[in-house]
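Based on the hints, put chains B, C and D in the right spot on chain A.
Here the protein sequences line up with chains A, B, C and D, keeping their order. Numbered per numbering that gives the first Met the number 0, the first sequence finishes at 376, counting up by one with no gaps. Numbered per numbering that gives the first Met the number 0, the second sequence finishes at 376, counting up by one with no gaps. Numbered per numbering that gives the first Met the number 0, the third sequence finishes at 376, counting up by one with no gaps. Numbered per numbering that gives the first Met the number 0, the fourth sequence finishes at 376, counting up by one with no gaps.
These are calculated hints, taken from the structure and not from any lab test.
No copy labels: a pair is met if it fits in one copy or bridges any two.
Okay, derived cross-link-like pairs now, EDC-like style, lysine to aspartate or glutamate, Cα gap no bigger than 20 Å in a straight line:
| # | residue 1 | residue 2 |
| --- | --- | --- |
| 1 | Lys-299 | Asp-268 |
| 2 | Lys-7 | Asp-125 |
| 3 | Lys-272 | Asp-225 |
| 4 | Lys-272 | Asp-300 |
| 5 | Lys-272 | Asp-290 |
| 6 | Lys-272 | Glu-109 |
Protein chains: 4
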Amino acid sequence: MKAVRYKKPYTVAVEDVPEPKIEQPLDAVVRITTTNICGSDLHMYEGRTSVEENKILGHENMGIVEEVGPAVNRIKVGDRVSVPFNIACGTCRNCVDGWTSFCLRTNPTEGMDGGAYGYANMGPYDGGQAEFLRVPYADFNLLELPPGTDHERDFTMLSDIFPTGYHGCELAGIGPGHTVAVFGAGPVGLMAAHSAFLRGAARVFVVDKEPDRLKLAESIGAEAIDFSRGDPVEQITEANGGPVDRGVEAVGYQAHDPTGEEHPEMVLDNLVKVVRTTGAIGVVGVYMPQDPGAANELAKDGRVAFDYGTFFTKGQRMGTGQCPVMRYNRELRDLIIAGRAKPSFIVSHELDLADAAAGYDNFDKRVDGWTKVLLHP
Amino acid sequence: MKAVRYKKPYTVAVEDVPEPKIEQPLDAVVRITTTNICGSDLHMYEGRTSVEENKILGHENMGIVEEVGPAVNRIKVGDRVSVPFNIACGTCRNCVDGWTSFCLRTNPTEGMDGGAYGYANMGPYDGGQAEFLRVPYADFNLLELPPGTDHERDFTMLSDIFPTGYHGCELAGIGPGHTVAVFGAGPVGLMAAHSAFLRGAARVFVVDKEPDRLKLAESIGAEAIDFSRGDPVEQITEANGGPVDRGVEAVGYQAHDPTGEEHPEMVLDNLVKVVRTTGAIGVVGVYMPQDPGAANELAKDGRVAFDYGTFFTKGQRMGTGQCPVMRYNRELRDLIIAGRAKPSFIVSHELDLADAAAGYDNFDKRVDGWTKVLLHP
Amino acid sequence: MKAVRYKKPYTVAVEDVPEPKIEQPLDAVVRITTTNICGSDLHMYEGRTSVEENKILGHENMGIVEEVGPAVNRIKVGDRVSVPFNIACGTCRNCVDGWTSFCLRTNPTEGMDGGAYGYANMGPYDGGQAEFLRVPYADFNLLELPPGTDHERDFTMLSDIFPTGYHGCELAGIGPGHTVAVFGAGPVGLMAAHSAFLRGAARVFVVDKEPDRLKLAESIGAEAIDFSRGDPVEQITEANGGPVDRGVEAVGYQAHDPTGEEHPEMVLDNLVKVVRTTGAIGVVGVYMPQDPGAANELAKDGRVAFDYGTFFTKGQRMGTGQCPVMRYNRELRDLIIAGRAKPSFIVSHELDLADAAAGYDNFDKRVDGWTKVLLHP
Amino acid sequence: MKAVRYKKPYTVAVEDVPEPKIEQPLDAVVRITTTNICGSDLHMYEGRTSVEENKILGHENMGIVEEVGPAVNRIKVGDRVSVPFNIACGTCRNCVDGWTSFCLRTNPTEGMDGGAYGYANMGPYDGGQAEFLRVPYADFNLLELPPGTDHERDFTMLSDIFPTGYHGCELAGIGPGHTVAVFGAGPVGLMAAHSAFLRGAARVFVVDKEPDRLKLAESIGAEAIDFSRGDPVEQITEANGGPVDRGVEAVGYQAHDPTGEEHPEMVLDNLVKVVRTTGAIGVVGVYMPQDPGAANELAKDGRVAFDYGTFFTKGQRMGTGQCPVMRYNRELRDLIIAGRAKPSFIVSHELDLADAAAGYDNFDKRVDGWTKVLLHP
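Just chain A, same shape as in the assembly (with noise of 0.2 Å):
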């Protein structure tokens, strides 16, 4: 089958490859009907992980059930299901305490808990970025769809980052009334706004610096915040007459300034600064406890000398993590079956996955209007 593979920094290829086929009695096989490119795939595109070479890349995915293992028994062949991206044995502590991005079984990377599709240091476990995908642990793993082919655009955000921009909002403790600072208005800053107003949020503003972004934020009723116009704090500030009640965080280690530079730090202190006493800030934007790449030695370590003594000093609350999607995916699902949600309006283009070089190149140049890429094999 075709597979889109990692090749070196700043190139990946579609290549043949074996199709994947039940190893476990608990395993199915999915065919993809789409993948999409996650803007974390770009830590690894960037050569900012230790990813080998010819990896299958692709954790988004969705597709039809081809085939089950002789252990399955709740999901069947033909089933239209949405692939989270964490990879569950749901059996184990943190699975059954609803942790699923943080299995203890599933990753044999030493001192890792959680394990992901196509992704360094999370597994050895092949993408979805293909025709056909090997899921583990099916009947626990994989979120069943209405038969047929609508909301497609919608639901293949079910696998991630709608999930992971809402439980930004859950970290938050984001509810109805709240106002909301969201940093970092990439695909999965823009799913915590749109979560936050699921939430009941009466206000959401967005701070970002590209128009295109900031743009598809005003479309759901955020307010925008170029912060190369100036401080976002005072912006927001001043608009919101105060300080606002919530904040995420949805930019992460590679937060850089209007100039380009990077500053680890620099996003964690706006929201410090913005939120209010007593207020919460959830982190979905990715820190690495090692980052070779990093802009100074703190963060080469992965340490982020952020302002912790006004933080303490206001009695925030800040939760961080990788989303556990089972958590969240199934009333998400609701939402866009009822009509009130409709994650699909990021999506800027949907390209077959042999021109996936292209949307990578795209994507990662920030190219005006490349807000998020849909494959389909």
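Then chains B, C and D, alone, in the frame of chain A:
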């Protein structure tokens, strides 16, 4: 000043009474700009309570602060305010815990916690269907509103029914993606449906038999269920493809079947049936410990023989009671200001205070189209 | 092998039956080391259920894994395990949400969610009062215990009554500093009292009329209330200086007065009275939708005419239903290992499996001192 | 009257000052019976704050109400009371939400929410290391105690450190069965350990290097970890058989290694390492936005370069800030009365107010055995 006073069953009168004065150092006097007739006023109006003759009615009040006592230091003369129907001291255990509807100090009635304006058994407080109202513990109780007259018809819902409908959702734990059944499309039920959507519900079914009310439910995106056309549980289950996640009771002890006969257990039975295992039910329709006018001997003693065995077998939860308005009114106000909530959709009539008797009469008779009556002194 | 089988009302027999086998790839077979007689077994024993003749009883089981199916990959032969009484698939919506007591897939009985071993209406599963037990979905359901034989009498409480008592506290929201009333000093009530203290309760009142049970309550620091000596509500209120914060119902539908007459609403009435406004009640005593042997017509249909009007007026909450054991058993196990929990204090008798009939007989008759019976195959 | 006043670094003096008076209608004056020296008083004592000369110190106060203002109607002259260290108005948004430590109205200091007695930057309020203390908003702030002198040494912990230690546990979400690491065995750390057990923790590890403090930790069942004898993370992980569930930071910005050198990030780094994935950390040790006396340039600006990458990768949560005492003091009082909590176990010295200077000196020097000093005017 002019005030609406209870005279006898089915009779209120607008009469001249002395203006209220500052009696305690923490009091304020509010000049009423809008005051509503509440469905629970009808319990008194119909003679189903022990309210005394000449009581000034009215617990849904808003206006402008006219005068404050010497110890008031937060609220200022001239502030536009919403007056929660609960009268709360702000310093007892229940108030400190956020249960202002069960203040331990403001209601001298034996065995009753929680005070209110102009209501049977809830303390010696005059109501606000009048030109002026005395507000105890003003700094604690009053919610400040933006100056001017904007949103008057929305803000007037903040004193009781909007938070009360919202409280039904809170007691039922309604959140994003949930399917919900609301029984009763009176003002509180409609506010519960509106609140369920604000909290992210995917689908909301509203049960009633009055066409004008069901039409209002549909106007906000809810699905109308006319129980005069068949079993509402079957109708909801069929439309929803199964039981719903959560239920709200917004009818109370005078529940009646399509022929008008009272069955106090009917709505609870239906909720237990239509809500799925592990689901929850919020009860904001009023039930009374004593009801001499009830339909049967059990109900006269406040006993409701609903299907408890099924309630237990399904592992359901149930929360009840009057709403602690202060827990929600600030956030709901901010949603109104942001344009995301619009509770005024239920308003059908705005009358001069002088016309209160006609308002009571038409609202009590459920004359078609009389869904919510505002009075302006 | 030998197994305890239900024959007819008031009769069980230890008989030879075929050993269980691996039937599904996720099954395990457990060699039982300890299995308890549960108070809810008595509902069957007394003929108050529709359980079929020759059903192997027993849902409180622990032992050593003897064999595993080909898809089992977490649990290993030789592991010492506790078997939760719930049979849960681990992949349906309720299981994923932590509600293993309401598994949507393991109980084929129409209208019933949740499977169990050896129990009426809870699926075609043999019980564990036997030498061996088949356990479906073993990786999900089984809780691993330290090897050896330490704490056997404590660990055997982890399959049902310790978590069930704890669940009563969870449903009632019991936390540090609370005052608590537990109705019923049978095994579940005593476990609820023990759990209330583990959760930080300041004072726990336990209501019963059996001196041996009340003495056990006192042995863990609870205050015994003998309802045969006067109104338990008055006794508690006087001892506590007012109503309590929280209540637990551990009696169920066969509640009876000191003369032995059944009053299904009696305990709920007392709880509503003795718990303060805004308080909560956890109900783990069993109520049934149909009870042909009940004391009155309402109760035959599962209707319980308790004082709902007061329940509402006091703004109380109530949670009900069977316990999802997996939500609590890991932490309770760790408290046993750390020496901070010791649920074995209720054990009165340890019998050979062969003597099960005598165990049932004495326990059912509430012979003085027969508080909890363990069977060893 | 006599009062303890700050004179200059390492110098306090007991001097004659005017007695406080009722200044506002909601004030009370309390005759102090016991007032403690707090670890955070030492920040001022050591000259690490901007506190002004002659400030009366003391925020851990209890006593008898001597006089009340004309608007006080709940608290009465003669009541024995605990005075929370927070000065809270009771009517602002944060107070109403239960965040009395971040009252928006009582602290006029620019950019700071939350007032306190006798403390740098927390408003113009005299402390209670004196014969009398003025208490604003007395009905809201004061907690009534049983009359008499029983439990004086326990109740005196209710004004700050017992609730503060408990708050650390709340921020970390510590519950039944958890394993916990508390860093710092000063008074707050010991109260956190005591609180963790009250909340049901299975095992609590307490890290310090002072033998007298570690011995106190062991006296309540905690396991002492002496970090001068080796890496505390390794010691805990080995003893516990893996990482712990939750952590509490009770050290603050002056964290130092065994040689006495300050490393502000050291304790946070250790907590991130020793707490498992998905775990939570409560921070009640104080961190400051500005610390001119800090060990490095980052720390002077309140920046703490801890291992944020690992914090994120492990999906941990962190809560911080000063304790809202009123949220916990009532329940903790009731646990003391019931004999289930005994925070006085840390008291080492009771001095006359006149001997305050010696108390400060010995406590600051960590003279062996000086773990907690009470002053009696």
